[in-house]
Amino acid sequence: MKRLQLFLMTACLLALPSLAMAAEIKANKTITISMFLVIIGITLSVVIWAAKRTKTAADFYAAGGGITGTQNGWAIAGDYMSAASFLGISGMISLYGYDGFMYSVGWLVAYITVLLIVAEPCRNAGKYTLGDILSFRTQPKPVRAVAAISTVAVSTFYLTAQMVGAGKLMALLVGIPYTMSIVGVGILMIGYVVFGGMTATTWVQIIKAGLLVSGALLLSVLVGAKAGFNPIQFFSDIVNSPNIQDHVSKLLLKDGITMTGEAAGQRFLEPALFMKAPLDQISLGMALVLGTAGMPHILMRFFTVPTAQAARKSVIIAMWIIGGFYVLTTLLGFGAAIHVTPQGITAVDKGGNMATLLLAQQLGADISPIVGDIFLAFLCSVAFATILAVVSGLVLAASAAIAHDIYVNVIKEGHADQHEQVMAARITSLVVGAMGIVIGIAAEKQNVAHLVALAFAVASSGNLPVVVLSLFWRRFNTAGVICGLVVGTIASIGLVMVSPNMTYPQKIADGAKKTIAALEKKQAELPAGTVLVEKDAKALDQAKKDLAANEGGTSMMGLKEPLFGLKNPGIVSIPIGFLAAIFGALAFREKRAEDMFDEIYVRQNTGIGMAKAIDH
Amino acid sequence: MATQSYDWAAIAKNPKFIELHHRKQRFLFGWWIFSTVYYFLLPIGAAYATDLFKIKVIGVINFGYAFALSQFFVSWGLAHYYAHVANKDFDRLTRELVSELAK
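First to last, the sequence lines map onto chains A and B.
Residue numbers for the first sequence, in the numbering used here: 1368 to 1983.
Residue numbers for the second sequence, in the numbering used here: 5 to 107.
Heads up, some of the hints might be wrong.
As the list claims (entries may be wrong) - Covered, in the sense of this in silico footprint (three residues per stretch, anywhere, with C-beta under 8 Å from a C-beta of chain A), are these stretches of chain B:
(1) 15–25
(2) 57–65
(3) 68–81
(4) 99–106
No lab work stands behind these hints, which were simulated from the structure alone.
For every residue, glycine included, the Cβ atom is placed at its ideal position computed from N, Cα and C.
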């Protein structure tokens, strides 16, 4: 638990001096590790079974097209819901109420775009990768190369955020050291993908979604029981909780607003305790709604089902699972606020990420201490399974882009037999997975939160415009795809690099100055001869160090302050991506691409002449 | 896999296909725009219609909460409506087109 203590010490030093003694969350190691081993055991048997069935490229990338709509629906949910949405959103609700709930909505609405615009056309017109769809009526070599680069970029951003999160979570919860967690997760992920390909990845995702839903349901029942299964009672409990009222009062005081009692409790159910920049919210919403449909690892899932009807069914099932989960998240988040209290949650983790886990432990312990331990261990293993499922999907998507698009189709110009294709896919997965481990370890101390925003920004500004235009616009062509992908991607990355997501040393220095001033004032007010209490003295030292280290410093881009004010670039980068794609296509007309539009358009609408994933 | 070549331009001009494509396009883009507008009313309303969002609807549950919750039901409802229309109309038209081509 060293790391947690260290983390909490820093957190306390930075927080208000009046913060209560830091608490910690401690999972029962024996029970938790046993549950991890059960999950590892089950998933590895799935891999052994899947490995036997993985003989062709179609098996490896698309599970031979043999996944049913229902199975794929569960797998999509398992692929999509990361530990961040599982722990982060309920945490956000537990600390900021309404805003957290509002944030969760976009993750479901995103699937309307997937359902209506991309799922069935991709099933009908695609094969294994994004590059397959984009190169259908364009010059395949440059388009595949650019599509592969964009896929690898999106997957790497997302994978890095997931790996770092996984390492920190395991360290915090179970006390497994960071590096060991990353290596462990990495080896499992490589094992699943290299040996079991899409079949194993799919089943790991299905198992994870099942675990996640059962955990959330079980916990929701316990929370609901506390309010007698009466929703009106539940919401009154929130408004009337003195701890929530007090927490909201403190939050509002930072903005110079005084509000106490029931009014403060009611305020918890109203917007803008956390999200104070509407434009950023809208920008994030745009990236979610359009980015999900441009995520290579999500698109890839539609190649695993045999027909457009199955693709349609799978999105609808995924929407019930994902949406149902987020509705339950409300119960969990608000439940944690009522029962664990915002004070209790922030004492363990300032970001609130531990809210669900603390709630599980507490509600379980209300029955009996051992039940609390088992329940916490179960949720820890849900988090573990979640991480495994998401990272495996990402590694598979990145490997498919490199092996199928670059190696088989660009380098070998499509002349590779099944054996060679599968070998290439396996070797690539191994390399991509190993890179994931290395990056994960290297990024331990880095701020990776912006990488998820970045992944969605690139997917929504680079990938989605070119996918939609390829499927629906006759004039679209090679130049359009390349312009759209390159400009959309660069615009997203560029804007994030100069956004408030990056670390600005000057801001840290300014903060340190304030702390120093406050503490020195405190020192001056003390009776002569006495010194600051140890905690304050340490804080003063730390602030001085921070000031010295950061004064006059600039961000990675050499900036003193952000050039672009929004954390989410979508609102600017998405229109740029669309415009670049359209202008590129208009500037370099291509007769062949226009002539072939009828073919892709008939295919995507009807499935006539569909490339059967079953290539036997 | 049987390789069969199709005259794609001819299929694209087939009245059945034109009907399918018109119906689909109208439905898909129309409802996509509806769902997107409905969704963005949430962050926009939360920021600029705070008085509306505060109004209590049932007990202490306010309009803002009910509206956010409605997003889930609207999405699910739309998904099922789409599946219904697709199963009934789009798939039927596609089948008719395919059997006409097979003749």
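Consistency of the hints with the structure:
no.	hint	in the structure
1	15–25	holds (count 5)
2	57–65	holds (count 6)
3	68–81	holds (count 8)
4	99–106	holds (count 3)
Hint compliance for this structure: every hint is met.
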